[in-house]
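Novice: Given the sequences, and given the hints that come with them, work out the whole structure.
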Amino acid sequence: EIKANSMALINGIVNIPEDVDYRSSMREQFIRLGIKRTVTTIRQEIVDEEKNEGEADKPPQRKDSERQAKKEDEVERLLTQISVFEEESDADRDELAERFSKLGLDELTLNDSEHLFAALQKQVNTVGLGHTLTALLRYMLIIPVDSDGGIKTW
Numbered sequence: 187e188i189k190a191n192s193m194a195l196i197n198g199i200v201n202i203p204e205d206v207d208y209r210s211s212m213r214e215q216f217i218r219l220g221i222k223r224t225v226t227t228i229r230q231e232i233v234d235e236e237k238n239e240g241e242a243d244k245p246p247q248r249k250d251s252e253r254q255a256k257k258e259d260e261v262e263r264l265l266t267q268i269s270v271f272e273e274e275s276d277a278d279r280d281e282l283a284e285r286f287s288k289l290g291l292d293e294l295t296l297n298d299s300e301h302l303f304a305a306l307q308k309q310v311n312t313v314g315l316g317h318t319l320t321a322l323l324r325y326m327l328i329i330p331v332d333s334d335g336g337i338k339t340w
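Numbering (my numbering), first residue to last: 187 to 340.
Each hint should be verified, as a subset may be incorrect.
Unchecked claim - The list that follows gives simulated cross-link-like pairs (lysine-lysine, BS3-like), each with its CA atoms no further than 30 Å apart:
id, residue 1, residue 2
1, Lys189, Lys288
2, Lys237, Lys189
3, Lys256, Lys237
Keep in mind that the hints were calculated from the coordinates and are not lab data.
Specialist: Now the structure itself:
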């Protein structure tokens with residue numbers, strides 16, 4: 187039950203904001219914290235439990251039946267919350283992909299830093315903010331990459 191409630195809380199935190207950028211950023215934080223691995227583990231646990239239950243030979247008692255029904259409801263609730271997380275993630279990804287396509291970027295180029303930088307540079311130069319981008323890049327250059335503090339900053 188705590189797993190389903192935890193997923194419901196995560197969905198509430200991530201899906202309530204109207205701004206797709208904010209939702210995506212929040213969701214990405216949970217992904218960096220390992221929610222995808224956790225979901226994979228949970229699904230495998232469910233499959234393993236169902237497999238083990240299928241191998242049991244004894245007929246269920248009334249109390250066992252009630253307990254089993256409650257457990258099935260909890261599993262169903264958990265799977266629903268996982269589906270909500272994944273479906274909302276897909277919807278936001280599609281919305282962002284549409285926005286990025288207007289900038290000439292697709293899913294492949296979104297993973298290429300040179301394409302991203304070129305698109306960013308083009309975007310800021312069209313509104314006269316190239317100097318601001320340059321200043322940001324200068325600040326980024328002084329962030330160390332060879333220390334724990336620098337890595338945490340990145």
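Novice: Please go over all the hints and tell whether each is borne out by the structure.
Specialist: Going through the hints against the structure:
1. Taking the CA atoms of Lys189 and Lys288, the gap is about 39 Å. The hint is violated against a cut of 30 Å.
2. The suggested pairing of Lys237 with Lys189 holds, with an alpha-carbon distance near 20 Å, which does not exceed 30 Å.
3. A distance of roughly 18 Å separates the Cα atoms of Lys256 and Lys237; the hinted pair therefore holds under the 30 Å criterion.
When each numbered hint is compared with the structure, a violation occurs for hint 1 only.
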